[in-house]
Amino acid sequence: MMRDTRIRRLPMALSALVALALAVLPLPSLLEPLRPDFLVLVVFYWCIESPRAGGLGLAFVSGLALDVVHGVVLGQHALALTLMGAWATHLRLRIRVFSVLSQCLTIFALLTGYQFVLFWVDGATGNPVTNFGRWLAPFIGALLWPLLVNAFSNFRAR
Amino acid sequence: MVAFRSTDTSGRTTGLLVRCVLYSLLALGLMIVDKRYDHLGRIRRVLSVVAYPVQIAVSSPFDGWNWFRNSVTTRDTLRTEKTKLEAQLRVAQFRLQRYEALEAESQRLRALRDSTAGVTDRFLIGDVMNVDLDAFRERVLVDKGASDGVYVGQAVLDSGGVFGQVARVGELTSEVILVSDAAHAIPVQINRTGLRTIAVGSGDMSLLKLPYLPTSADIIAGDLLVTSGLGGGFPAGYPVGTVADVKRDPAQSLADVDVKPAAALDRSRELLFVWLKPQAAEALPQPAAPKTTPPKPAAPKQ
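Residue numbers (numbering that gives the first Met the number 0), protein chains in the order written: chain A, 0 to 157; chain B, 0 to 301.
Among the hints, a few may not be true.
Sample of chain B residues facing chain A (criterion: CB under 10 Å; computed from the structure) [claimed, not checked]:
#1 22
#2 39
#3 61
#4 171
#5 174
#6 241
#7 242
#8 246
If you want the footprint, here are the derived chain A segments under chain B, 3+ residues with CB under 8 Å [as the list claims (entries may be wrong)]:
#9 12-21
#10 29-37
#11 73-83
Across the chosen pairs, the derived CB separations fall in these ranges [claimed, not checked]:
#12 81(B) x 8(A): 48 to 58 Å
#13 108(A) x 27(B): 37 to 47 Å
#14 154(A) x 121(B): 27 to 37 Å
#15 17(B) x 154(A): 29 to 39 Å
#16 134(A) x 81(B): 46 to 56 Å
#17 29(A) x 255(B): 36 to 46 Å
Since the hints were made in silico from the structure, they are not lab data.
By construction, the Cβ of each residue, glycine as well, lies at the ideal position given by its N, Cα and C atoms.
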């Protein structure tokens, strides 16, 4: 058991780092609003896959990292990711047996919840972003989810 | 088929709710402390150093590609570029010839009027890093930070004019908020008439707005806007933009003025950080202004 969790930490940290890099990768400004929240998807994956290896801790730390690289009030992404990570952990046994479509829909709901918390904190701290573009990211993210899970399980099968 | 592989399928996660509540409270506490008090600056600086390797890792391939493209340009391109630059330099030198004399004259006149010497500025050049900060806010990350003496609120220019100001400082990097950000305002003056007002960002990199001018204001398309230096945030006299369009609707009391920024906000890679002489900014002449809105310090509304 102890060894089990230890083995899982490295891929967790590595995948989170790669996702963080993707979150700041420069894109043409036209594509920028379409950028999915890679790090959020990765955190959801680990929350569902191995909740006892510290998925929620990963969610909090990843959120802080996002706050720093996006230069917003410290704790905004951390709060959103913690709440949605906890929800994903709570739903994990159900998500496992869902069909691909239901999984995508669930992830879509989680991502929308995540955006909503961000939106709410933006408004509460006096920098509202009233741009419909930000609600596009959950769509793209949900579409990417099956690919991400497949990539992870292929990688781990080796 | 989407499949999870782990064998960790027991229904129980010990204390999920407790941990969720704890982490959420921690995040909320951080937000309140960060927003209300100024204690987190140091922590944020340290965190920004931790994030630096990731940002460098993302930025360096693009820098490398730019370097590669520069180093394989043909002789012809270099030659045409050289001729163009020489022409530009010649024009600039013609303009500069009288600068020394004019500056000395200005000093003498100011001494006569017993007013302070003109604002002398210190500069530092920084490079924009190839990193995206936020898709919905106009900000860039620059590779100069607190260790280079950069401070929050510092004015940032590019070769065309005013670019923005420093919104947040890390140890090695700093975030610059562009003049076109919707949360940014800058005190300006119309060069032709001396009329003072405030230019606010629109969220669109090619557009600033002058929302506080009455329809009767003397302003026409083509007018140059320069910084007024009021508020002390920006040095006076740098170009901010040119008026692109003035819409006067008789039913409205305020004119709708569009301004094209002077700085190449979407293209500039090299930026200039400016240090103001601390007292010079305080002692700028402030003639009475009954009509226009009193300029406020251009701080990003956070």
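Hints not upheld, ascending by number: The structure conflicts with hints 4, 6, 7, 8, 13, 14, 17, although it agrees with all the remaining ones.
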